[in-house]
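Enquirer: Keeping their order, the protein sequence lines are chains A and B.
Under my numbering, think of the first position of the first sequence as 1, with each following residue one higher.
Under my numbering, think of the first position of the second sequence as 1, with each following residue one higher.
Please note that a few of the clues may not be correct.
No more than 20 Å apart at the CA atoms, straight line, and that leaves these computed lysine to aspartate or glutamate pairs for EDC-like [to be verified]:
#1 A/12 to A/39
#2 B/40 to A/186
#3 B/205 to A/156
#4 A/155 to B/191
#5 A/205 to B/105
#6 B/211 to A/133
#7 B/155 to A/187
#8 B/211 to A/191
#9 A/12 to B/23
#10 B/27 to A/187
#11 B/106 to B/191
#12 B/155 to B/139
#13 A/27 to A/39
#14 B/121 to B/105
#15 B/155 to B/180
Everything labelled a hint here was simulated from the structure, so no lab data went into it.
Number of protein chains: 2
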Amino acid sequence: MRKDKISVPVIKRLPRYYRFLADLKEKGCTRISSRELSDKMGLTASQIRQDLNCFGGFGQQGYGYSVDSLYNEIGQILGLGHTYQAILIGAGNLGKAVAVHMTFEKRGFSLIGVFDNDTEKIGTVIRGLTVSDISELEDFCCKNTVDVAILCVPKEAAPAIAERLYQAGVRNYWNFSHYDLSVEYDDIIVENVHLNDSLMVLCYKISDSHKAKTEE
Amino acid sequence: MRKDKISVPVIKRLPRYYRFLADLKEKGCTRISSRELSDKMGLTASQIRQDLNCFGGFGQQGYGYSVDSLYNEIGQILGLGHTYQAILIGAGNLGKAVAVHMTFEKRGFSLIGVFDNDTEKIGTVIRGLTVSDISELEDFCCKNTVDVAILCVPKEAAPAIAERLYQAGVRNYWNFSHYDLSVEYDDIIVENVHLNDSLMVLCYKISDSHKAKTEE
Numbered sequence: 001m002r003k004d005k006i007s008v009p010v011i012k013r014l015p016r017y018y019r020f021l022a023d024l025k026e027k028g029c030t031r032i033s034s035r036e037l038s039d040k041m042g043l044t045a046s047q048i049r050q051d052l053n054c055f056g057g058f059g060q061q062g063y064g065y066s067v068d069s070l071y072n073e074i075g076q077i078l079g080l081g082h083t084y085q086a087i088l089i090g091a092g093n094l095g096k097a098v099a100v101h102m103t104f105e106k107r108g109f110s111l112i113g114v115f116d117n118d119t120e121k122i123g124t125v126i127r128g129l130t131v132s133d134i135s136e137l138e139d140f141c142c143k144n145t146v147d148v149a150i151l152c153v154p155k156e157a158a159p160a161i162a163e164r165l166y167q168a169g170v171r172n173y174w175n176f177s178h179y180d181l182s183v184e185y186d187d188i189i190v191e192n193v194h195l196n197d198s199l200m201v202l203c204y205k206i207s208d209s210h211k212a213k214t215e216e
Numbered sequence: 001m002r003k004d005k006i007s008v009p010v011i012k013r014l015p016r017y018y019r020f021l022a023d024l025k026e027k028g029c030t031r032i033s034s035r036e037l038s039d040k041m042g043l044t045a046s047q048i049r050q051d052l053n054c055f056g057g058f059g060q061q062g063y064g065y066s067v068d069s070l071y072n073e074i075g076q077i078l079g080l081g082h083t084y085q086a087i088l089i090g091a092g093n094l095g096k097a098v099a100v101h102m103t104f105e106k107r108g109f110s111l112i113g114v115f116d117n118d119t120e121k122i123g124t125v126i127r128g129l130t131v132s133d134i135s136e137l138e139d140f141c142c143k144n145t146v147d148v149a150i151l152c153v154p155k156e157a158a159p160a161i162a163e164r165l166y167q168a169g170v171r172n173y174w175n176f177s178h179y180d181l182s183v184e185y186d187d188i189i190v191e192n193v194h195l196n197d198s199l200m201v202l203c204y205k206i207s208d209s210h211k212a213k214t215e216e
């Protein structure tokens, strides 16, 4: 019996819980207390209890949580039971890294196509898929169910590609480009990975810690 | 005259402001109202005013914000004036993508070394740097100032590498590995990029939107 609305910060923590629980399962651990979980995750025990309460709470006083039920429940909340068909736009370094590096299947995704406009990349093979000419995009989207587009294109190329994908009916995006899709389209789902932003946040954290040290 | 403590969500938004303001500068735009900024950023005008108030607020009633001052101030808050020397650990697909793809210099970082333990990668050249044998790590850290380590290694390799980097005095990490460094070390600065987590969040958003549609 879980609440219907889970807050964004809790959602962002769910994958971490899921990873930790997967580790515990692998190690043959069947139960865990909120204290152990908090030690391992660097969160307070009360924060963990609060998080887990959001979706039912499997803890029994003195017995802790069942690793298996918690793992399965979080997987279900994350919607990992489905398989979504994804295409990758952009077969440059980043696109290639994403294609090769990600264990899509484990997360409920299946990569079914890769597209680029660079004649040197078209025809090469990435993760068993031949890179197609971007001109074939609409035709491909017609003939296949494309649930998700992974955008690994330069910022300048993103608006035009996004428009073509949108017109072809694609509504879910994993966006690595520095283009804010959701500003242009309001009925799409976007998860952004802005690596430059992340680097800037690191920069902030470092300079902030220097400041703190100087003030000490 | 800005406040000393800026909240995490505001900090996470700063790079986006910074990007948008860079775009505006490029287009020759000198002033912008909070309403225009909010339209472009997909935030409410009041949220933007609140954010910008955190660090002084450059807005004048009816005149909007000066693009230049805002850009410079945010850059300063982000600590972009420095140059931090970074090394990359792991020259696989992901490490290569990060090395080639990122405009480090623009973000105040300079990549000065790349390390791997794979004899096939050692000696190859990435972004003008020859990939060194990981056995040379300690020596390198002795002879150079290493402010940041970029971890692009598999999860299994991360704990041992992290320990070596920590012993060599590295305290700042841009972490792409699925290993939670901050649990092990409490006096380090870490910015995590967990691509698998991001993919799971996308999965959640998609399945959540399906649920919402079914319930309509």
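Enquirer: Please go over all the hints and tell whether each is borne out by the structure.
Expert: Here is what the structure says about each hint:
The straight-line distance between the Cα atoms of residue 12 of chain A and residue 39 of chain A is roughly 19 Å, inside the 20 Å bound, and the hint therefore holds. This hinted pair checks out: residue 40 of chain B and residue 186 of chain A have alpha carbons roughly 13 Å apart, not beyond 20 Å. Only pairs whose Cα atoms come within 20 Å are accepted, and residue 205 of chain B paired with residue 156 of chain A is rejected, the gap being roughly 27 Å. With a C-alpha separation of about 23 Å, the suggested pairing of residue 155 of chain A with residue 191 of chain B is violated against the 20 Å cut-off.
Pair hint residue 205 of chain A plus residue 105 of chain B holds up; C-alpha atoms about 17 Å apart against a cutoff of 20 Å. Under the criterion of a C-alpha separation no larger than 20 Å, the hint pairing residue 211 of chain B with residue 133 of chain A is inconsistent with the structure, at around 35 Å. For the hint linking residue 155 of chain B to residue 187 of chain A, the alpha-carbon distance of about 36 Å lies beyond 20 Å, and the restraint is violated. Pair hint residue 211 of chain B plus residue 191 of chain A holds up; C-alpha atoms about 18 Å apart against a cutoff of 20 Å.
The hinted pair formed by residue 12 of chain A and residue 23 of chain B fails the criterion: a straight-line CA distance of about 29 Å is larger than 20 Å. Restraint check for residue 27 of chain B and residue 187 of chain A: not satisfied, since their Cα atoms lie roughly 28 Å apart, outside the 20 Å limit. The suggested pairing of residue 106 of chain B with residue 191 of chain B holds, with an alpha-carbon distance near 18 Å, which does not exceed 20 Å. Between residue 155 of chain B and residue 139 of chain B, the direct Cα distance comes to roughly 24 Å. Violation of the 20 Å bound is thereby established for this hinted pair.
Annotation: proposed proximity of residue 27 of chain A to residue 39 of chain A holds, straight-line Cα distance about 17 Å (limit 20 Å). For the suggested pair residue 121 of chain B and residue 105 of chain B, the alpha carbons sit about 24 Å apart, so the restraint of at most 20 Å is broken. For a cut-off of 20 Å, the pair hint linking residue 155 of chain B to residue 180 of chain B stands: about 9 Å separates their Cα positions.
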